[in-house]
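Colleague: Could you build the full structure based on these sequences and the hints that come with them?
Chains as they are written, first to last, in numbering that gives the first Met the number 0: chain A, 0 to 289; chain B, 0 to 212; chain C, 0 to 576.
Please keep in mind that the hints were generated in silico from the structure rather than gathered at the bench.
Just a few of them, taken from the derived set where beta-carbon distance is under 7 Å, the chain C residues facing chain B:
#1 M100
#2 L173
#3 I184
#4 L211
#5 F218
#6 G231
#7 G251
Calculated Cβ distances over 10 Å to all of chain A for the following chain C residues:
#8 Y9
#9 T13
#10 L35
#11 V45
#12 A48
#13 L308
#14 N431
#15 A487
#16 F489
Sample of chain C residues at the chain B side, in silico, Cβ under 7 Å:
#17 A103
#18 I177
#19 I180
#20 S181
#21 L212
#22 V216
#23 A219
#24 A230
#25 T232
#26 L539
Computed from a predicted structure; not experimentally measured.
Every residue, glycine too, gets a C-beta built ideally from N, C-alpha and C.
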Amino acid sequence: MLFTTNLTDRIRSPQLRISERARGSGSPSLLLAILLILVVGTTIFVFAARLYPAPAPISRDAVLVDRQYNLTLYIAGVAFLLAQLGLAYTVVRFRDRGQKARFLRGNAGLEILWTSLTLFVFVGLGVLGRKAWADVRFTAPAAGAIQIEGTTSQFVYAFRYPGKDGKFGRIDPSFVSAPTGNPLGIDPKDPTGGDDIVASELIVPVNRPIELLLRSQDVVHNFFVRELRLQQDAMPGMIIPVHFTADHIGQYEIVCTQLCGLGHSNMHSLLRVVSQSEFEMFLNRQAIGP
Amino acid sequence: MLASTIAESVGRSAGANGSAGGYLGPGGGASPNGATPQRAYITGMFLALGGILMFFSALVSAWVVRRGLPNTDWQPIPLPHILWLNTLLLAASGVTLAYSRRCLRTGREADHRYWWGLTTILGMGFLAGQLLAWRQMLSTGLFLATSPGASFFYVFTAAHALHLLGGIAALFALAVRPPRRLTPDTATRVVALYWHFLTALWLLLVAVFLLAG
Amino acid sequence: MALPGMFRRYVFSTDHKIIGLQYLFLSLAAVTIGLLLSLCMRFHLVWPAARLPFVTGGVMTPEQYLALVTMHGTIMVFFVLTTAPQSAFGNYFLPLQIGAMDMAFPRLNMLSFWLTLVAFLVTLSAFLVPGGAPISGWTAYPPLSGMGEITGPGEGAGQSLWIAGILIFCVGSLLGSINFISTTIDLRAPGLTLSRLPLTVWAWFVTAILSLLAFAVLFAGGILLALDRVAGTSFFLPAGLVLSGQLQTHGGGSPLLWQHLFWFFGHPEVYIAILPGMGVVSHILANFSRKPVFGYRAMVFALCAIGFLGFLVWGHHMFVSGMNPYSSLTFSMLTLSIGVPSAVKTFNWLGTLWGGKLQFQTPMLFALGFISFFVTGGLSGIFLAQPALDTSLHATYYVVAHFHIVMGVAAIFGIFAAIYYWFPKMFGRKMNKGLGQLHFWLTFAGVYAIFMPMHFVGLAGGIRRYADSSGASYLVSLQPLHNFMTIAAFITAGGQLLFFYNFFRSMKQGEVASANPWDATSLEWATSSPPPADNFAGQLPSVYRAPYEYSLPTAAQDFLPQHLQSEHDPAQEGRSC
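Modeller: Here it is as structure tokens:
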């Protein structure tokens, strides 16, 4: 014998070895196929029946985002269906029923085909999705946009309007004092700050472009309105502008999505989209105030 | 000299153990008794250097970003003059180390030990000089948190010095007791790779500080 | 043998097999703790007002919930998904599969394990200090994580211990990577060319390269964060921060810098978590389809491509961070591209099954499950890869669903597949087949039940890391989904008891296994179960063929082990020599 004893089982009869190995029957494949069909079916059903829809979009940019989402959903859905059902079919069809396996090392043509196809589809999706991003992020807000500053802190939102002079007062963190009514730290000596309006909700007129300047006083926060399909982190040390034009009057929730401390889940506010006249009334009311 | 050292080491290990094809060829790397082949220690050291390089690259990128921030409070820091002497000491230690290895290869055992010892002293001199450099910085009022430039200076020099300390420990260890699993040639090559890398890294860091102004 | 000897043999061992088992048991302990933490979280999301016996104060506070979130993520990502697939199975089986006696540097290997264990204990100890564990998530974004207790409970000593634990883990990981790569390059058996390596070896090799480069960067970031916390530096902390009404004295740093450093590590990290599983799946599929892996070279290229591209996509975690929006598009295109090698692997797995002779042993079932989950998780990724869509999905439960399906399910199925497959080799006994199959069905159905609904929570705007739905009013409408997921989670977690029972019982009482119970071709099956201390009883093998020569038409039987010289080996055909 040329080989050491730990190889003795190798010289057992091939028949015995095969039966030891192939102890599984084909039924696991049928059960797996059924489960896969169930998963695919349930998922497609929930999507198709729109059981948990995102709220309707309220801006043109949001509608563009939804179109790109739907396109991606169809493509992903088809891929999901084909892959999972393909797996189900394969495991059932080729379960061990005593056949010999086909010896295949691969197929260069197939490799090239499915690699190119996948590359084309994925990159194509990316290219098509560019516009929805570019429209919001690469372009400045339209002329005449109303500037509003949004300041986040643990765990509240504060929105500042520039007032009649159209200018924001200078902010200096050393002036921040919530108890004495200056939560944002507006420099009391800056005359342009005197008429600034600070509110805890974001009130905007419908169909007017808004430029929201996001700031943070302490940690990283976030501004997210589902209906606008708009989300942006508020980064301390930076002022980050985003812009939108809301085209539906209504009340929409603003939530913070960036973990900011123990009050994270309670940090929320409201976006109120109102008519132009109501917006002016709001500004005047605030200006007249104490 | 470094390039030829590397070329030598690759050529040598390709021939060792009788396996053809060097690193990427068919196996047969392990010695007949299954022990780790000498060239694996060289591979391991190169990999370690790769990791250390990534670490310092991350710090350098942080430095680049921090310097380039708008509204930055970045101010150039005056470099302690002793840094130049330290740099010379470290560069000299590289030369003595390479010469020490040449002595080992040509069988001049006593010379090898002499220049190895000199390398160790020069290395310790570098570290002592770095401590003096820190004292000079502190005496000008530049502490770790005083300014971002100072912060990076301390972080870079401390990180480098700690790595070099490891190198000095290795120099001592090899002088005192030859390792069991590595041949003297491999052991000294591994240490030399590490040492030359840290020397080159130091020169790079000095260039970085110079660029900062 | 006397106690000191046993100590040396089983505790401070330099034997890669013992070290592999040590890592495996460490990861099993970690996954148990991580799972329990997640059950506490899911319980809280349904019954937030319940009084819990182990919670200080009775009712769980938001900060305690966030501490659970942070530690669950940290323990699972580092001590389960980075440890089990690579450090545990890689350590045990890499030397065996390349025909070596041990790793290149056995003592360094032992050091790596002990560093990892110390890291685990240091990280866990964050629960025990005043203030508790940190609340900044496993991502630890400053300034929340960078300023001490003033930003929130747990941000004092808890966060410091967390950073210390992670730094120690980085060192252990780096040393381990050096070992893996050197071993693969320099210790291969004669005849084992790179194109004859099992795909498991390729996967561990690429993963180790990713580890070496990525953990070095995390180490640097962690040092800088620690300095910001304790030394007053301002790497990540900007000027003008006001916390608790007090102006802070830091200046000029950038929180975005941390995000870049962290995600430069963080993205390769998730490929570190999944690549070994992909290798194991390929290996197992070939074995139980009785066919070579379809497109072996394409699979190797795909592994390398995923590894390489994995370093170029980190910005997709930062689309809404305030990063330059033009970079976002670049990161987006690169992220979509990484879907290509991933899809190629999936197609090749299906190609491996196609025309095969499929046998549904438990390892095969888990490998098939891996494919299903990898497809699902991968496809949800193409939504997140587009910044226009990510703007509505970032930090929602959609992301949580995505990464749980790829990491918390697919990668875990890879681990289960590896355990069931290699258990006979490691312990000389087989796991119980009935229990294994039941474990599979329960887990497969269970995790789909947990994580598919989670997508819908996210699409409707359910935000992650929320301790409850007391904030925005629309969150309440998502509660039924949360209830369903929690129930599914508890049932599925209970099902894992089947696995643990099977695992530990079979170690002692399982059916005795032969050297090669699965009729496999790779070198680990060419030695006894378990292998002797030097792996091959003094006779290191040589390799004569590719790793997956199953059902070769000209061969006498349907598998040709790599180490057997001739196709027509007299020993194989039942004739004694």
